[in-house]
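**Student:** Given the sequences, and given the hints that come with them, work out the whole structure.
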Amino acid sequence: MENTNNSKKLDKRTLLKSFHRWFWGALTCFSQEHMQTFGYMASMLPILKKLYPNHKDQVKAIKAYTAFFNTNPMLGTVIVGITASMEQARANGKEIDGETINDMRAGLMGPIAGIGDSLIDGTLIPILLGISLGMSTGGSPLGAIFYIVAWVLIAYFGQRFLYFRGYHFGDQAVSFLVGKQGAAIRRAIGIVGSMVVGGVLASWVNVTTSLKLYGANGKVFLNLQNKLDSIYPGLLTVIVTLFCWWLMTKKHVSAIWTMLLLVVISLIGVLVGFFNPGLSY
Amino acid sequence: MENTNNSKKLDKRTLLKSFHRWFWGALTCFSQEHMQTFGYMASMLPILKKLYPNHKDQVKAIKAYTAFFNTNPMLGTVIVGITASMEQARANGKEIDGETINDMRAGLMGPIAGIGDSLIDGTLIPILLGISLGMSTGGSPLGAIFYIVAWVLIAYFGQRFLYFRGYHFGDQAVSFLVGKQGAAIRRAIGIVGSMVVGGVLASWVNVTTSLKLYGANGKVFLNLQNKLDSIYPGLLTVIVTLFCWWLMTKKHVSAIWTMLLLVVISLIGVLVGFFNPGLSY
Amino acid sequence: MENTNNSKKLDKRTLLKSFHRWFWGALTCFSQEHMQTFGYMASMLPILKKLYPNHKDQVKAIKAYTAFFNTNPMLGTVIVGITASMEQARANGKEIDGETINDMRAGLMGPIAGIGDSLIDGTLIPILLGISLGMSTGGSPLGAIFYIVAWVLIAYFGQRFLYFRGYHFGDQAVSFLVGKQGAAIRRAIGIVGSMVVGGVLASWVNVTTSLKLYGANGKVFLNLQNKLDSIYPGLLTVIVTLFCWWLMTKKHVSAIWTMLLLVVISLIGVLVGFFNPGLSY
Amino acid sequence: MTISWIQAAMLGLFACLCSNSCMAGQAVGNYTIGRPLVGGLICGLILGDLQLGIACGVAMQLVYIALVTPGGTVSADVRAISYIGIPLAMVAIASQGLNPLGGSAANLAKSVGTLVGTVGTVLYYAVATMNLVWQSFGWKDVHNGKLNKLTAVNFGWPWISHAIFSFLPTMFLTYYGATAVTALRNALPMDGVAMKTLFTVGGMLPCVGIAILLRQIIGRTTDFIPFLVGFTLAASLGLNLVSVTVVSLLFAVIMYEVEMSKGGKQGNSTVPEGPNDDDEEDI
Amino acid sequence: MTISWIQAAMLGLFACLCSNSCMAGQAVGNYTIGRPLVGGLICGLILGDLQLGIACGVAMQLVYIALVTPGGTVSADVRAISYIGIPLAMVAIASQGLNPLGGSAANLAKSVGTLVGTVGTVLYYAVATMNLVWQSFGWKDVHNGKLNKLTAVNFGWPWISHAIFSFLPTMFLTYYGATAVTALRNALPMDGVAMKTLFTVGGMLPCVGIAILLRQIIGRTTDFIPFLVGFTLAASLGLNLVSVTVVSLLFAVIMYEVEMSKGGKQGNSTVPEGPNDDDEEDI
Amino acid sequence: MTISWIQAAMLGLFACLCSNSCMAGQAVGNYTIGRPLVGGLICGLILGDLQLGIACGVAMQLVYIALVTPGGTVSADVRAISYIGIPLAMVAIASQGLNPLGGSAANLAKSVGTLVGTVGTVLYYAVATMNLVWQSFGWKDVHNGKLNKLTAVNFGWPWISHAIFSFLPTMFLTYYGATAVTALRNALPMDGVAMKTLFTVGGMLPCVGIAILLRQIIGRTTDFIPFLVGFTLAASLGLNLVSVTVVSLLFAVIMYEVEMSKGGKQGNSTVPEGPNDDDEEDI
Ligand SMILES: OC[C@H]1O[C@H](O)[C@@H](O)[C@@H](O)[C@@H]1O
Ligand SMILES: OC[C@H]1O[C@H](O)[C@@H](O)[C@@H](O)[C@@H]1O
Ligand SMILES: OC[C@H]1O[C@H](O)[C@@H](O)[C@@H](O)[C@@H]1O
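Chains as they are written, first to last, in my numbering: chain A, 1 to 281; chain B, 1 to 281; chain C, 1 to 281; chain D, 1 to 283; chain E, 1 to 283; chain F, 1 to 283.
Treat the hints as calculated values from the structure; they're not laboratory data.
C-beta: ideal position from N, C-alpha, C; glycine also.
Fair warning: there could be bad hints in the mix.
[Claimed, not checked] Facing chain F, according to a computed beta carbon distance under 10 Å, are these residues of chain A, among others: (1) Thr37; (2) Gly39; (3) Lys49; (4) Pro53; (5) Gly93; (6) Pro111; (7) Asp121; (8) Ile125; (9) Gln225.
**Tutor:** Okay, here's the thing in C-alpha cells:
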C-alpha cells in the first residue's frame, strides 16, 4: 500500500500476451513429469519482463514457477491471472515471496483440476457435442460448424474473463492466503475438489474384473465383479487409484513407471483371466 | 425478572381468543403482497388490548406486526404463541423491542414454512386422504366423514397445543434470540428450512420442456429434457425458481408481476414449441 | 512418568493369556442382562493378578469391570488391550481411576459394536462365505475347508493384532480420554457408530405389516406397507426399535421382558392380520 | 340431473369457504371443505346423489392428493375443483347414463376437475388481488389508530372478494351446467395455445411460491447451497420429504455446534464457564 | 439313512460349541463351526455322506449368509440350523431318494433349516437366561473377593446351560429324526398362529439388539439424528454398509474438528498455543 | 476412394494440432480440432466426401462424447481417432460400397475408431515422453538465465515430438490405407493378449491421472475421506458430477466455518470483535 504512486502496474497488452501464451501453450510442452510447468513459465515470462527490467530479477522471479504445476487448463486460467497480480504486488515491494505464490498455486491447482475436469470435460463439452451431433445427423456439416463456433467463442472469452478476474482478484488473493480466512477458503475449495475428483473417478473410470468361476454343471457360481460390487461399488477402481497414489507419493515412483507397472499388471491379469475387456471388432 | 409481583400476565381467555383468530383468520385477508400480515395483526389485537390499557400504547405495539409475514399457518401457530409471550414480557418492562420480535418472526417464518408445507401438505394430509380414500371406495361416505373428524381434531388440538407451547416457550425465546445460542439455533433451523424447501420444490414442482428435434429420418435426435436431466436433474425447475427469486429480491418486482411474466414466458414457450403440457380431455 | 524405573510392566505371557481368554470366552457366559461383562472380567483377571500382588488391590481393581459391557467381540478386542495398558498405568500410580477406564469402555463399545457388526458380520463373513460357497458347489468339501482355514487365521491373528495395538495404544488412550482431543475423538467415533448402527438396522432388519384392505370389488385399496414406505421407508422397523429403546432406557424394562413384550405384540398382530410373515414349507 | 338456483347458490357458498385464502380458515375451509373427497360428500348431499358425489370426489381427489401451495401460489384451485368441477361432472355422468362407479365416469370426472381446477386459479388470484383493497383500508386504520377496524378488514371485507370471485362464478357455472363445460371445452381446446399456456403457467406458479420462501430464508449467497442440496437429494436421489428432513437435521446439528464454537468466548449458556465472566467484566 | 445314539450325541456336542453364546468362542464356535457350510462338512463326516452334507449346508448357508446378531439378539439360531436342521434334511433327502445336488433337495433343506432355525431361537434365549444363574454366582464371588472362581463362572458353569438346551434337544431331535420334523410340521403349520408369531418375533428381535446398541451410543436426543441418517442412507437410498461407513467418516471428521474448535481456549494438543497457558494461570 | 500423399500429409498436420498435448492449444486443438465430429468435417473436406466424413465423425464421436483426461492420462487418443480412424473408416466404407448413413457403416467406423484410438495412446505417451528432452533444455536455460529460450522450449521444440509421433504415423497409416488396418487387425486380434492388455491398460490409465490429482489434494490421511465420499455418491448412488459438486459445496461451507471458528482468537476479518483485541494486548 505504501508508495502506490511510483508503483508498477501491468498494462493490458502485457496481460493479454501472457493470457494468449497460456491459452495456446498450457499443454504444448507437456510431459508426465512436469506437466504444465513450462506452459506456465512461458505465460509468466511477459509479466516478469515487464515488472523487472533488471535481468537478474527476472531470473530470480522465474524460480517460483519452476515448481510442478498441473490443473484443468480452462478454469486454471484464473490461477495464472492471480499470479500475475501477485507478481505485480511483489514487484511493488509488498511482502509476498515465491513461497506464498507457490502455496497459492499448490493449494488451488488440485481442486480446480477436479472441478474443471468435471465441469468442462465431463459436462460442458458433452452437452455442446450432444446438441451439435443432433444437427449433423444425416451427414450435414451444420453441427460441426455450430460446435466449432460456439465452443471456440465460449472457450476464448470464458478463459479471458477468468484471467482478468484472477488478475483483479489477485490483490485480495494475498489476504486470501495469509491468515485464517485464507486457510479456511483453501480448506473449503479442497473439500469440493476432492469430492469432485472422487466423482470424476467414479463417473468416468471403471476397472472391472472378468473373473468368473464355473461349477460342474457349467453354471457360474462366482462372479467376482458382482461380489466386489456388493462390498463397495467401484472397489477395484478405487484400489488401483490408491495403489498408483501410493506408488507415486510414498514410493516416489514416477508417473511413467507407474503406467508401465499397470501394463505389466494388465498383462498378467489378462493372462490369468482376471481382466478381459471383452471387445470385438 | 424484577418486580414479577406487579407483572401483567395474559389470562387463558385472551390467549384462546388470539389463537382462534389465527386458526380461523390466518389467510382470510391474504394478498400476494402482504400475505398473512393482517391475519397476524388480527390475532395479536386481543393480546395488545389486554396488555396495554392505554390506546396509544396499543397503536405503538401493533407497529411491530405490520411487517410482512408468511409461513405455514399450521406449524406457524407456534410463532404467534411466542410473540404473545414476548409482548407480555415487553409490557412488563423487559428489554425487548419491536425489532427483536420481528427478528424472531423473520428468522422463523421461512424455515417453518418449508418444514410445515412438507410435513402437513406434503405428508400428513396425503396420508390421511390416502387412508380415507380407501374407505370411500364404492361411493361410501365413510371415508369422507372419517377424514373430516380425524383431521379437524388433529388440526384444532395440534395448533392449540403449538400456540400454548409457543407461549410458554416464549420466555426462553428471548434468550433464544439474544446471544450466541439464539444465532446458532436460528442457523440450524434455517438449514433444515432451506433443505426442506429444496426438497419441496423437487418433489412437487416439475418444469419441463417438450422440445425435441427430429432428424431427416423422422427419429428424435435431440430430446432437450433428457439432455437437461443428464446435466442436473430438475434444472429447469431450479432455473425458473431462481429467476423468480432474482426478480423479486434483486429487481423488486412484485409477486403478481412475476406471475404475469411467467404467463408471458409460458405463452412464448408454447408458441415456439418449448412448452407443451401434453394433456387432453 | 515419574519413577518409571520401578514401574510394573505386563509381560507378553500375561497379555497373551488375557487375550486368549477374551478370544475364547467373550460370549461364553452371555446373558441379556450383563452380556459380555463376565467374559471381560475373566480376561482382565490375569492382568490384575500380575499387576497387584496384593489380593485386596485385585478385588478393588476388578470393580471397574463389573459394569455392563457389550460390543462386537472381534473389533472389541482392541478395547481389552487398551484397558490392559490403562490398568498397568494405574498400577504405576498414574492418575487414572476406575471411572476413567469405564468412560473409555462406555464411549467406545457402542460405536465399535456398530462398526464391527457391519464390517465383520455384515461384510467380511458374507464375502468369505460367498467365495467358499462357490468352491463347494457340487458337494465338494473344498469350500468349507477353505473357509475354516482362511477365517480362523484372519480372526485369530487379526484379533491378536488388535489386542496388542490396543495395549500399545493404551498410553495415548489416556491422553485420548482426558481433555479436548479425547472428547473430539470419541464424538467422531460416536458419529460413525450411530450412522453404521442405523445402516445395520436398515440393511438386516425389516419389520413390515401385511395389512391390506379390500374394496367391494375385491381389489386392494389400501396396502398399508406401501403407504408407510411412501412416508418413510422402513418406518415400522424404526418405530419398533425406538419403542424397545424407550422401554429399556426410559422405562428400565430389561431386555428379556422387552422381548417377551414383542412376542405378545406379534401374537396380537398376527391375530388381527397386521403381521404375516407369509412363509410356507 | 339438473341444478336449481338454490342448489347452485349453496355450492357458491361452500366455494367461498374453501379456497386457499378462504373464509372458513385454512384447517376447516381449505384442508377440509376444500378437499375433493369432502367436496364429493357435500355436493352429493346438495344434489341428492350421495354415491355419485363421493365417486366423483374420490376420482378427483386422487389427482390432487398432495397439493402444496408454497408461498401462496396454487397451481390448481380446490374451490373450483370441488364446487364447480364435481357438480358438473355429476351432471355429465348422470346425463350420459354412465355407471357412477365405473372407469369412464372416473375419467370424465378427472378431466373436468383438471380443466376447472386450472381455470379456477384465475379466480384464486383474483380474490387475493381484490383483498389488496381491504388491506389498503387496513393500513389507513393502523395509521389512524383505529385498531378495532382491523377485525373487519381481516374477517369481514374479504367476503366481498369471495362474493364476486367465488360465489357468483360457482353459481352461474353450475346452474348453466353441462352447457358451460361444453362451451368451455370448445372455446379452450386442450391442444390450443390458451390451455397449453394455462397449464404451463400452472406448473410454474409454485416456483414463485418457493421463491417467496427463499426470499425469507436466503441471507447470503451461500444460503442457496443447502437449498440446492435439498433439491438434489429429492430430484437426483428420489429421497422423499421426511428423509430429506432427517438428513437436514444432521447438517443442522453440525451448524448449531459450529455456531456455538465460534468466537469461543461465550460458552453455551447451559455450561457456564468460569473465565467467560472475567472477560465480560473486562469490557 | 438313520442316526444312531452315538452320532446324535456327537451332533449334540457340536451344538454346544457353536451358538451365539457358545463354548468354543465366537470366532471358532459361532463364526466357524456354527456356519451351515461348515456344519454341512461336519454333519457329512459324522453321518458318513459328505457330499449330501455339504449340499445341504450350501443350500442353508445361502439363506443365512449375512446373519447379524446385534446386541445379542438372534432371529435364527445357527446351532439348530447346522446340527439339527442339516442332519434331519439329510435323512429326509436320503429317504425320499432325491438327488442330493438337485433343486428339490436344496428346497427341502432350506425349509427344514428355516423351520428349526427359528424354533431354535427359543433354545438360544433359554441358554442366555440360564446363564443368569451362573452370573449370580459370579456376583457373589466378586463381592466376597473370590476372584479365582470367576474363571469357572465364565468357562465352566455355562456348559450346564448348553447340556440342557443344546446337547439334549439336538440329540433327541436328530435321533428321532424324520418323525420329529414331521410331528413338528404338523403341530406347527406355517399358516398357524404359532409359527406366524414365531417368525414375526424372529424378524423383530434384532430391534432389541439395535436398541441395546443405541442405549450405549445415545446420550442426548440429537444423537438419534446420525442414527436416523444412517438408516435413511441404507433404507431409502440403498447404500450398503461400507458406503454408509465412508459417508459417516466425513461427518466424523467434521465433528472432530468442530469439537476441537470449541472453547478456543485449549488448542489442539499438537499445536500448543502460548496464550492458553496464561489463561490457565489466571484462574 | 484412395488417399494421396498430399492428402495424407494434410491429415498428418492436423494430427499434430490436436492431441492432448497439442500444438494448437487445448481449446482449439484438443477440444475443437481433435473431436471426431470436427475431425469428420475436416477429413471429409480433405478427402472430398463431406457427407461420409461427417457420418463417420458422428459415429465415433458418440463413443467418446465425455472423454476426460485427468492428470494427463488418456485412455483413447483423439488424434488417432480423428485423423487416422476417420480416413481409414471412410476408405473402408467407400470400398465396400456401404451406405454412408446406414448402421453397418457406423459400426465399422466405431470399431476402427476404438482400435486406433487405443493404439494411439501409445503415440500420446511417446510425445509426452519425448517432450522431456526439450524440458531438459529448458531447465538448463532457466539455470543459465537464458529466459528468452523458454518460448522455443514451450512452443517450438515440441513440434519435433509431433513430427515423429503424430505426423509420420498418421501420414503412413492413412496412405497405406485399408491394408494397414487389415494388417493391424490381423496382427492384433481383439481376443489376443496384446489387444486385451492394451484395452485393460487403457481403462486403468486414468487412475494414474486421478492419483496425480490426489497427490495435489491429499495432505493427511483424512483428506481421503471427502474423496471417497465423492466416489461413493457417484458410484453407489449414481449422482452425476454437477450434483456431486452441489453436495460438496455444503461440506465446503461447513468446513469453511469450522476453520473460521478455530482458535477463536482471530475473528472473521469482516466481523471484528471487541474482546479479542484485549486478549491480544495481554500477551
Ligand atoms: O408456504 C407457506 C404458506 O404460504 C401461504 O401462506 C399459503 O400458501 C400457505 O398455504 C403456505 O403454507
Ligand atoms: O452387537 C454387538 C454384539 O452383541 C452381542 O454381544 C453379540 O450378539 C455379538 O455377536 C454382537 O457383535
Ligand atoms: O486433470 C487436470 C489436467 O491434467 C492434464 O493437464 C491434462 O490431462 C488436462 O486435460 C487435465 O485437465
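**Student:** Determine for every hint whether it applies to the structure shown.
**Tutor:** Status of the hints after comparison with the structure:
no.: 1; hint: Thr37; in the structure: 8 Å, holds
no.: 2; hint: Gly39; in the structure: 6 Å, holds
no.: 3; hint: Lys49; in the structure: 8 Å, holds
no.: 4; hint: Pro53; in the structure: 13 Å, violated
no.: 5; hint: Gly93; in the structure: 22 Å, violated
no.: 6; hint: Pro111; in the structure: 7 Å, holds
no.: 7; hint: Asp121; in the structure: 4 Å, holds
no.: 8; hint: Ile125; in the structure: 6 Å, holds
no.: 9; hint: Gln225; in the structure: 13 Å, violated
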